[in-house]
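Assemble the complex: chain A is given as a structure, and chain B must be docked to it using the hints.
Quick mapping for you: the protein sequence lines, in order, are chains A and B. Okay, so the first sequence: first residue is 34 according to my numbering, each after it adds one. Okay, so the second sequence: first residue is 34 according to my numbering, each after it adds one.
Please note: incorrect hints may appear among the correct ones.
Pairs count within a copy or across copies, as identical chains cannot be separated in the list.
Derived lysine-lysine pairs resembling DSSO-like cross-links, with alpha carbons at most 27 Å apart [said to hold, decoys possible]:
(1) K266 - K385
(2) K289 - K94
(3) K202 - K385
(4) K201 - K244
(5) K266 - K94
(6) K244 - K266
(7) K385 - K289
(8) K94 - K330
(9) K201 - K378
(10) K378 - K368
(11) K379 - K330
(12) K142 - K368
(13) K378 - K266
(14) K367 - K142
(15) K330 - K378
What the hints contain is simulated information worked out from the structure, not anything from laboratory work.
Okay, here's what each chain looks like letter by letter:
There are 2 protein chains.
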Amino acid sequence: MKRRDFVAGTLFAAGMSACDTQNPAEEINLPVSQDIFEWNMVTSWPPGLPGLGIGATNFAKRAEKASGGRLKIKVFAGGELVPPLEVFDAVSRGTVQMGHDSSYYHRGKVAAAPYYTTVPFGLNLNEMNAWLYYGDGLDLWHELYAPFNLVPFPVGNTGVQMLGWFNKKIQTINDLSGMKIRMPGLGGEIMQRAGAIQVTVPGSEIFTSLKTGVVDAAEWVGPYNDIALGLHKAARYYYYPGFHEPGPNIECIINKTAWNTLPEDLQEIVRVVSQACNLDMTSEYMWGNAIALDQLKMDPNVELIQLPQEVFDELRMHSIEAINDLSQKDDWAKKIEQSISNFMKKSSANQKITELAYLNMRINNT
Amino acid sequence: MKRRDFVAGTLFAAGMSACDTQNPAEEINLPVSQDIFEWNMVTSWPPGLPGLGIGATNFAKRAEKASGGRLKIKVFAGGELVPPLEVFDAVSRGTVQMGHDSSYYHRGKVAAAPYYTTVPFGLNLNEMNAWLYYGDGLDLWHELYAPFNLVPFPVGNTGVQMLGWFNKKIQTINDLSGMKIRMPGLGGEIMQRAGAIQVTVPGSEIFTSLKTGVVDAAEWVGPYNDIALGLHKAARYYYYPGFHEPGPNIECIINKTAWNTLPEDLQEIVRVVSQACNLDMTSEYMWGNAIALDQLKMDPNVELIQLPQEVFDELRMHSIEAINDLSQKDDWAKKIEQSISNFMKKSSANQKITELAYLNMRINNT
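Looking at chain A on its own, in the form it has when it is part of the complex (with noise of 0.2 Å):
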């Protein structure tokens, strides 16, 4: 092992450059601080709920481990510190140093903030983390949210989630006219569009509401989630694809005033462990949906459906209208419209021919 001890004080790091063609490094001053950051994260989501609540609690385990326990994070799950829906204010004042939440809960004061989560028909998982990571998307982010005092990264992804459950069937567009649906954001404002009416439910209560009959239908997440608030007892059309939540991101943000006070490695340990956990809820969900799913097709009472092609290109011509509408309202959100239709054109014609070719293949002459 070529390990040395370290002699306080010197410039190590950056002497080593010197011999080190492939990575030009960047002067480090060593030792490194043992100052301890204490921080509080609040959160949307319920106590230890699989995936997303699960991704709070293993961010603040990683970065305190990696940070050898000078990086020390709570976590409060929604309504403990600040309500679920006030993440937002609370990080951007400087309540607390983190929030983990979903962006499109605040677009009524960024209107462009939906884009961070997911907009219908948009993006799936993949192509939202390489517009992120390797397109724009991160940079334009942090732009969108400096007002605001706050320091975004993605933190998951649930991938495409489910249509939801329905009590009652569509077969044509003509028969979302009237009905009572729980669904957030862009997609339930498409839905109304189409005759729809968007019913506002928070996710503790969608089984008495979907059980009661105070809504019709009800979107959640994917099975992994589903099963949990036990969805299937409440409804027996299980609809898919959800084309309103194709490849909703997560978002970890940080109040920027905090993030200032951390040194260069702890900023980095945050990165790094917001990527890594990216990845992580990702895995999750693909796990847990799968698991979920192979129960929920064992039961007799709920039924599986693809929502037909004819409806989904419908819903698509008002998703279009929404986004156009929102482009005229807001200019962030134009910039950030055109700078994910730029890439998702080009993605479109490369996941025909690897990941839908492949999966195409593979699973439907099986």
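Frame of chain A, contents of chain B only:
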């Protein structure tokens, strides 16, 4: 900011955990070690190769930054320190501390190793990660490599590759008969079972071999890497999808003796950086392939052709035979194959109603 200066020598982090119910902290000894580790990483990649090579360099940069300069990794291109295909041996022996390569390069030594790159008709990238991080994939891998004194981590994935560049068309399985094809690993073995002749050609010589007719066909990776080698100027037919490499995982291997010298925080930094780099490389490929394919589509001398489903299915029969043979010869291969196929059955059902259904509806109807 809740920031406190550290008092050297106290078990500060452990003390904190008393008031933290959600994140039971492990006992961490502060201050963090200031020891510096200078490691060498050998790779199988040409210098600066997009995707694979950039992934290795990124790993080193991020580990150095996140560790505050305490873990310095010098990256060597294939052949600089050891030949590209001898990374496994060099790290196993302890000649260097780390390697960055593909596990299927050493299937001569570890018959089950290809499972940790990709196997024909197997998992795609999202499924591969689900199995690694949430199934028993990663644990089995650590067991498999333990006798070689190696600790492995996933550090990237190219996504579904292209089948490759062909100067002859494949209309039926008989067209493969006598075709000289550059396709390493199990994919090439399957082509051979179908009548083709597997030819070994290093990456750097693919262009010339194709151009001069030494081979009739050759696979490399996908548009992003292939365009850089100029393969579109050496063959006309660009076949898809790459049934032989549906979700190739890239490995980082660490000499276990070296690994054991790292303090816990640096070990966690390596784990986290690996997982972050895994997603990062995938994102680079998703982005780079979309851009490169767009360029290739404008080239009148390139024809994109989908492998006929009948040929795909016949090759799958050969693949099942090849994998059965491997399982009979090697207990590890049998164990891993079982673990993967249990998951893949459930995962196919899940992919079908999520990623696949969505992409089909979004892409095929536009």
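Item to check | Hints that the structure is at odds with (numbers, increasing) | outcome: Hints 5, 7, 8 and 9 not satisfied by this model.
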